[in-house]
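A.B. asks: Read off the chains here:
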Amino acid sequence: MSPQLAVRDLHVWFDLPHGGELHAVQGVSFDLEGGDRMGLVGESGCGKTTVILALMGLLPPSASVAGSVLLDGEDILAGGEDSVRPHRWVDTAMVFQGAMNALNPVKTVGAQIVEPMELHGFASGEEAERRAGELLEMVGIDAEAAARYPHEFSGGMRQRAAIAMALACEPRILFADEPTTALDVMVQAQILELLVGLTRELGLTLFLVTHDLPVVAQVCERAAVMYAGEIVESGPLDELFHEPRHPYTRLLFAATPDLYGEEQVLSIPGVPPRLDMDIVGCPFRERCDSAFDRCVAERPVLQDVGADHRAACHLNERTVPV
Amino acid sequence: MSDDASLLEVRELVVTYPIRRGIVGTIRRRPKRFVHAVDGISLTVRKGEMLALVGESGCGKTTTAQAVLGMVEPVSGSIRFDGQEITALDSRAMRPIRRRMQLVYQDPYESLDPRFRVRKTVEEPMVIHRLGGSKRERERLMFDALRRAELSPPELFVDRYPHELSGGQRQRAAIAASLVLDPELLVADEPVSMLDVSVRAGVLSLIDGLRRHADVGVLMITHDLSTAAHFADRIAVMYLGRIVEEGPAREVVRDPQHPYTKALLSVVPKRDPRDRTTPQILKGETPNPIDVPPGCRFHPRCPVAEDRCRTTDPELRPIVGSSDHCAACVLVAAPSP
Numbered sequence: 001m002s003p004q005l006a007v008r009d010l011h012v013w014f015d016l017p018h019g020g021e022l023h024a025v026q027g028v029s030f031d032l033e034g035g036d037r038m039g040l041v042g043e044s045g046c047g048k049t050t051v052i053l054a055l056m057g058l059l060p061p062s063a064s065v066a067g068s069v070l071l072d073g074e075d076i077l078a079g080g081e082d083s084v085r086p087h088r089w090v091d092t093a094m095v096f097q098g099a100m101n102a103l104n105p106v107k108t109v110g111a112q113i114v115e116p117m118e119l120h121g122f123a124s125g126e127e128a129e130r131r132a133g134e135l136l137e138m139v140g141i142d143a144e145a146a147a148r149y150p151h152e153f154s155g156g157m158r159q160r161a162a163i164a165m166a167l168a169c170e171p172r173i174l175f176a177d178e179p180t181t182a183l184d185v186m187v188q189a190q191i192l193e194l195l196v197g198l199t200r201e202l203g204l205t206l207f208l209v210t211h212d213l214p215v216v217a218q219v220c221e222r223a224a225v226m227y228a229g230e231i232v233e234s235g236p237l238d239e240l241f242h243e244p245r246h247p248y249t250r251l252l253f254a255a256t257p258d259l260y261g262e263e264q265v266l267s268i269p270g271v272p273p274r275l276d277m278d279i280v281g282c283p284f285r286e287r288c289d290s291a292f293d294r295c296v297a298e299r300p301v302l303q304d305v306g307a308d309h310r311a312a313c314h315l316n317e318r319t320v321p322v
Numbered sequence: 323m324s325d326d327a328s329l330l331e332v333r334e335l336v337v338t339y340p341i342r343r344g345i346v347g348t349i350r351r352r353p354k355r356f357v358h359a360v361d362g363i364s365l366t367v368r369k370g371e372m373l374a375l376v377g378e379s380g381c382g383k384t385t386t387a388q389a390v391l392g393m394v395e396p397v398s399g400s401i402r403f404d405g406q407e408i409t410a411l412d413s414r415a416m417r418p419i420r421r422r423m424q425l426v427y428q429d430p431y432e433s434l435d436p437r438f439r440v441r442k443t444v445e446e447p448m449v450i451h452r453l454g455g456s457k458r459e460r461e462r463l464m465f466d467a468l469r470r471a472e473l474s475p476p477e478l479f480v481d482r483y484p485h486e487l488s489g490g491q492r493q494r495a496a497i498a499a500s501l502v503l504d505p506e507l508l509v510a511d512e513p514v515s516m517l518d519v520s521v522r523a524g525v526l527s528l529i530d531g532l533r534r535h536a537d538v539g540v541l542m543i544t545h546d547l548s549t550a551a552h553f554a555d556r557i558a559v560m561y562l563g564r565i566v567e568e569g570p571a572r573e574v575v576r577d578p579q580h581p582y583t584k585a586l587l588s589v590v591p592k593r594d595p596r597d598r599t600t601p602q603i604l605k606g607e608t609p610n611p612i613d614v615p616p617g618c619r620f621h622p623r624c625p626v627a628e629d630r631c632r633t634t635d636p637e638l639r640p641i642v643g644s645s646d647h648c649a650a651c652v653l654v655a656a657p658s659p
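Top to bottom, those sequences are chains A and B. Read in the numbering used here, the first sequence has 299 at position 299, and its numbers run on one by one without any break. Numbers in the numbering used here are just positions in the second sequence, counted from 1, shifted up by 322.
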């Protein structure tokens, strides 16, 4: 059986204003099964937001895309905007980073939830309004609040409203881009609980994009780690944490303080490579603590290293562990 | 409470902000209302010690830092720096003291002037405070500060503009601009929250090293309990303008006493996916500090509140078996008098 969503060799380039191109996504492939909770982790500029914007067909005109995105086996990128439009908000939906900016300040929250329903012929009139109320209740907001404006909401409520909006047309896959980054830790916990609850109750597939490893560790079953436009490791979270097969994954966890961790927290020296120039060899080699001569000459590709566990590192072909 | 090594002593600090009544409110003579941003807090930072002030947004942690630095005027209370009362000092009298306490801002993308090379950013504070004598001496001090901020070799960085630096390097340049004045107290307001995870530890270790090796006292404002647990000696947890729990970092994290601290710690995501405990999620959000609940200000959200919590405003007092771990909760057993 084919996966719900199969991303194959996705590339995104952005035209730069002064000529040249930025190769933001450099051949990303992964599968999502129905009901999955998968994380995409990486630092700023690694291309993780660009990936979901590409999957939603929401990239700006300066971007060009290659590769395929198969939704139930159908390539939704093949025909450009025409092939992705029927699926956007209907099959796939997205919660944007910073709910404050994603909501329209001069429209009531209810009107903003009704809008996508009417646009996609999902529901209209009183039925749409009734459904907007139900959606708000589902995310933990009183239905009466539909008549209020975003500025009357707290940060946590705005994020809940943004989730209600994304779910308006009953999508099957929800992409969430740093959904809790600007929120306090208690409100973050409330939103994460809501997202996990929705995946359970609605059978929704959650694709959570964040720089925050512990959030993914607590919410997701699987994750992909992105670096310099590519996935360098993917697999079940337990294995990523306990048996990482790429040095970046290991070092990223080691750079993350834990509440009860006793060991020293260490930063990773250096900076990621520029994406407006061709990358030769392994993109991580200059910051890697285990690089060897092969890493300079040859770019590693993502290979199976276990059941549902893949890594792009030459060390995995050596006999010594990473 | 006071001892020789105490560098900063804050006692019963109160800071309020007036709320604009608007023209209608003024004409109708509606009563003036105030936001009680900081409502009677006491804390001490000793030389070479890092105190982390943690809490959610709006709890008053940044206002506390601003009051310490003389950026907002407290309504009452006392702030002593190195034994000297500084609460009522005017800006002229405050200037030599301000040199000795420096602020590290949250956002190194905004705190550095984009038109200044690193050289000028680091030199400027010396010019303002008329330090360093000759230009050569200032140059020496500047290079020294850059080295201490681990931007080395400094020759590589002095002529760069902020946009030519990475986020971590920018924050190091900002820290160098503080270090050039040889401060005794560093107030770090969310010093790494804008930085990438991979470089955060380096900046925090740098600040940590300053207190360990140069005896600098550090008041770190953060919302991140994991960071506080790792780097601070002591943690003070704030809720609605009050410190509700304070103690050695390890004790506060491993043996929290106040129900708010317990809940807050329970929702911090753990790094290890096997470490999935059920978080104790509090309903609602922190009430605004205009209408502070009567009694214990945490009681409307407290999972274990009793009747007396609605009327009794608990004071911060030591817990049983510890002299320096305090909690403000009537349900926490206090040592018998």
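Since the hints were derived computationally from the structure, they do not count as laboratory data. You may find that some hints are simply not true.
Stated by the list, open to error - Simulated restraints on C-beta separations:
(1) A/Pro105 - B/Pro615: 28 to 34 Å
(2) A/Asp278 - B/Ser413: 52 to 58 Å
(3) A/Glu263 - B/Arg482: 46 to 52 Å
(4) B/Glu472 - A/Ala297: 44 to 50 Å
(5) A/Glu263 - B/Arg639: 32 to 38 Å
(6) A/Gly80 - B/Asp466: 41 to 47 Å
(7) B/Thr599 - A/Glu243: 21 to 27 Å
In this text, all values refer to a predicted model and were calculated from it rather than measured experimentally. Cβ coordinates follow ideal geometry from the N, Cα and C atoms, glycine included.
A.B. asks: Next step is simple, just say for each hint if it's right about the structure.
C.D. replies: Hint check results:
no., hint, verdict
1, A/Pro105 - B/Pro615: 28 to 34 Å, "31 Å, holds"
2, A/Asp278 - B/Ser413: 52 to 58 Å, "55 Å, holds"
3, A/Glu263 - B/Arg482: 46 to 52 Å, "34 Å, violated"
4, B/Glu472 - A/Ala297: 44 to 50 Å, "32 Å, violated"
5, A/Glu263 - B/Arg639: 32 to 38 Å, "34 Å, holds"
6, A/Gly80 - B/Asp466: 41 to 47 Å, "58 Å, violated"
7, B/Thr599 - A/Glu243: 21 to 27 Å, "22 Å, holds"
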